[in-house]
Amino acid sequence: MLEQLAKWARTRSPWVFHINASSCNGCDIELVASLTPRYDIERFGAVLVPSPRHADVLIVTGTVNAQTKEPLKRVYSQLPEPKHVIAIGACAATGGVFKGCYNVGQGIQDVIPVDMFIPGCPPRPEAIMYGVLKLLGEVE
Amino acid sequence: MSTDFNKRREESAGLMEYSAENLVPFGPIHPSLKEPEYFKIILEGERIVDVIPRIGYVHRGLEKAAEMRPWVQNMYMFERTCGICSFVHSLCYGQAVEGLTIFQVPKRAEYIRLIICEMERIHSHLLWVGLMGHWAGFDTLFMWVWQDREVVLDLVEAISGNRVHKSMNAFCGVRRDMPEGMEKHIVERMKFMTDRARYYRDIIDTEETMLERTQKVGAHVTQDTVEKLCAVGPMARYVGLRQDVRLNNPYAAYGEVPFEIVTRNEGDVQALLRLRLDEIIASANMISYAVENLPDGPIKVKIPPVIPAGEHSSRCEAPRGEIFYYVKSTGGRTPDRVKSRQPTLANLPLALEILKGQTLADVPVVLTAIDPCFGCMDRMSFLDTEENKQWTWSGEQLRQYGINYYFPDRKKKA
Amino acid sequence: MSENILEQIGKIANETNSKVVTLRKGETVIEVEKDNLRTFITHLVQDLKVRNLTTITGLDLGQEIGIMYHFSYERETIHVRTKVAKTSAAPSIVKIIPGAILYEMEVHDMFGTGFEGNPWNDKKLLLPDNWPSDLPPPLLKSSKPAEIRKRLHLEAEPKK
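Residue numbers (numbering that gives the first Met the number 0), protein chains in the order written: chain Y, 0 to 139; chain U, 0 to 413; chain R, 0 to 159.
Wrong hints could be hidden among the right ones.
What the simulated footprint calls covered on chain Y by chain R, stretch by stretch (three residues with Cβ under 8 angstroms from a Cβ of chain R suffice, anywhere in the stretch; the number is not a length) [claimed, not checked]:
no., region
1, 65 to 72
2, 88 to 102
Only pairs whose alpha carbons sit at most 30 angstroms apart, straight line, appear in this in silico DSSO-like list of lysine-lysine [said to hold, decoys possible]:
no., chain 1, residue 1, chain 2, residue 2
3, U, K301, R, K24
4, Y, K98, R, K143
5, R, K140, R, K123
6, Y, K98, R, K123
7, U, K355, R, K123
Since the hints were made in silico from the structure, they are not lab data. We put the beta carbon where it would ideally sit given N, CA and C, even for glycine.
With the hints as constraints, model all of the structure from the sequences given.
This is the structure in structure tokens:
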């Protein structure tokens with residue numbers, strides 16, 4: 000019974016922690032734009048939290064590079080179970096336009112397991128919201 | 000205590016006195032706790048004595064990759080150096096390469112380039128004003144400004160097809176023409192933007208939250224300091240220097256469209272707010288003029304994929320300051336060397352200098368004032384030499400500290 | 000004003016035995032010997048008031064590393080180029096132009112050239128902390144990105 004209540008709370012109001020793993024900030028500003036009044040992801044209950052220990056969902060933008068690989072793994076381990084990871088943008092999925100550069104990984108799924116990819120360079124705020132809500136629908 | 004601090008601050012504020020040994024290891028530091036961070040801030044009690052930067056989190060190796068890709072592919076790769084001033088990066092690279100060829104850019108393309116550049120400037124400044132509101136603890140400003148920003152993003156999307164990475168540039172021209180019949184709509188939206196910028200200007204001059212956090216903060220910067228540290232863009236103009244590439248070395252259509260440079264003299268964070276909001280008004284005027292006087296003609300000239308040998312450089316005025324590209328060709332299909340210098344790197348020494356002598360609570364506001372990329376604010380470590388403490392904070396934790404310091408009677412957000 | 004500055008630069012170039020090459024209108028390159036570099040830049044900054052250093056670029060010229068200092072003065076862009084051997088250090092100009100400190104660190108990271116006199120010469124600016132010390136600097140023509148990625152553990156692990 001308590002488990003069902005917890006699950007209901009998680010899916011109706013996901014707490015999201017955002018980490019930037021060497022992104023150009025394009026995806027970051029579209030993510031932040033989805034909080035603003037025109038798109039307003041907060042009406043679905045999603046809230047950005049300041050610490051990974053409070054979060055249900057980890058949102059990662061950018062392709063991982065040698066300096067951000069360890070912090071990414073550390074942040075992922077700090078999220079309490081059950082956790083989900085969303086990779087936003089082409090860079091987080093495959094390395095994007097930087098595939099082949101010497102300090103760039105081939106996407107974050109080599110570092111941490113990913114549940115949802117949202118493609119785009121950068122994806123529109125509507126696409127980001129659609130992706131987040133679809134993930135919650137699957138959880139349900 | 001304060002006199003001792005002032006003496007120390009004078010010594011450490013001297014530009015020639017960069018000392019290499021700043022970190023004194025205190026107590027048992029567990030190696031697994033060492034987190035890489037963007038800034039190592041050294042404090043004495045509440046006051047900052049020194050700041051050591053460690054960037055490299057967004058270092059992807061673009062300059063090396065550029066040497067292996069065809070000239071035209073690099074244009075769209077360099078666009079993604081930064082998500083906020085992406086058009087200016089591709090424009091500067093394009094101009095540097097065009098200078099090696101014999102071809103001229105058509106007039107209509109130069110006007111369209113100017114229009115998109117100025118729209119980018121408006122969206123970037125609005126983004127920054129919103130962020131300043133957020134870091135200062137005034138989230139309402141953040142929400143309202145970002146909603147108005149959507150007006151400019153709609154215009155950009157109508158012209159180029161994308162909100163962020165417009166990919167409008169091509170060598171010797173632009174890829175898409177201005178849509179038919181949009182002139183009246185653009186002029187009307189620019190008038191709306193001017194009114195909103197004036198409204199926000201009023202707010203930052205009278206609203207208590209913003210005055211408390213921005214007036215006289217970081218106000219020990221002189222013109223000499225700025226010139227010695229080679230800062231660019233708004234960080235030079237807010238102490239009165241008339242330094243703007245659009246004025247000193249006009250490119251695209253800037254020589255023909257009337258341009259008023261905006262400078263201020265106060266040298267504090269509030270001056271930066273006023274300066275950037277005034278620049279929005281100046282940009283809106285330029286866009287209206289350019290749209291009403293758009294010349295006819297082609298938008299592109301086709302150039303061969305092999306660029307003649309030589310070297311050329313180009314500079315442009317991005318929203319954050321001056322962008323510089325240096326290109327060297329040996330006559331092939333790929334460049335021999337491309338060097339790009341972003342304005343945030345040029346303004347970083349100045350930012351470190353401004354931080355010395357500030358309180359810990361002022362750090363988020365002062366760091367955002369130089370308009371850095373987002374990622375720079377993610378992680379900071381602090382070392383207090385007085386209390387023998389060392390700790391790491393995320394940007395959000397630092398922001399909350401600043402709000403509690405200035406407005407202690409406000410309830411802490413959950 | 001701009002023509003005047005080029006004349007005056009020509010005078011200093013003569014005094015320091017440097018060569019002036021005009022690339023095109025608005026761009027000039029001055030080739031300076033490594034030992035005369037500090038003198039030349041001191042004259043440029045203090046006497047001619049050309050104070051804005053845009054950046055410092057490194058170039059792999061085969062046997063040597065070229066270091067270019069880019070200055071802007073109104074409509075003129077002035078490039079000062081010097082050459083150092085691949086294994087030796089260059090003189091730092093931080094005492095003349097404090098704003099050069101980060102640019103010198105960048106050239107040190109990318110090409111391996113140390114700058115004598117730069118207080119942060121031993122610190123990394125852009126390269127990751129786990130950069131192996133036996134790996135050559137990335138922007139040399141002989142460095143290959145695939146190799147660097149492997150050494151930095153950025154390649155995908157094979158699926159089990």
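Against the structure, the hints:
{"no.": "1", "hint": "65 to 72", "verdict": "holds (count 3)"}
{"no.": "2", "hint": "88 to 102", "verdict": "holds (count 4)"}
{"no.": "3", "hint": "U/K301 - R/K24", "verdict": "24 angstroms, holds"}
{"no.": "4", "hint": "Y/K98 - R/K143", "verdict": "14 angstroms, holds"}
{"no.": "5", "hint": "R/K140 - R/K123", "verdict": "21 angstroms, holds"}
{"no.": "6", "hint": "Y/K98 - R/K123", "verdict": "24 angstroms, holds"}
{"no.": "7", "hint": "U/K355 - R/K123", "verdict": "22 angstroms, holds"}
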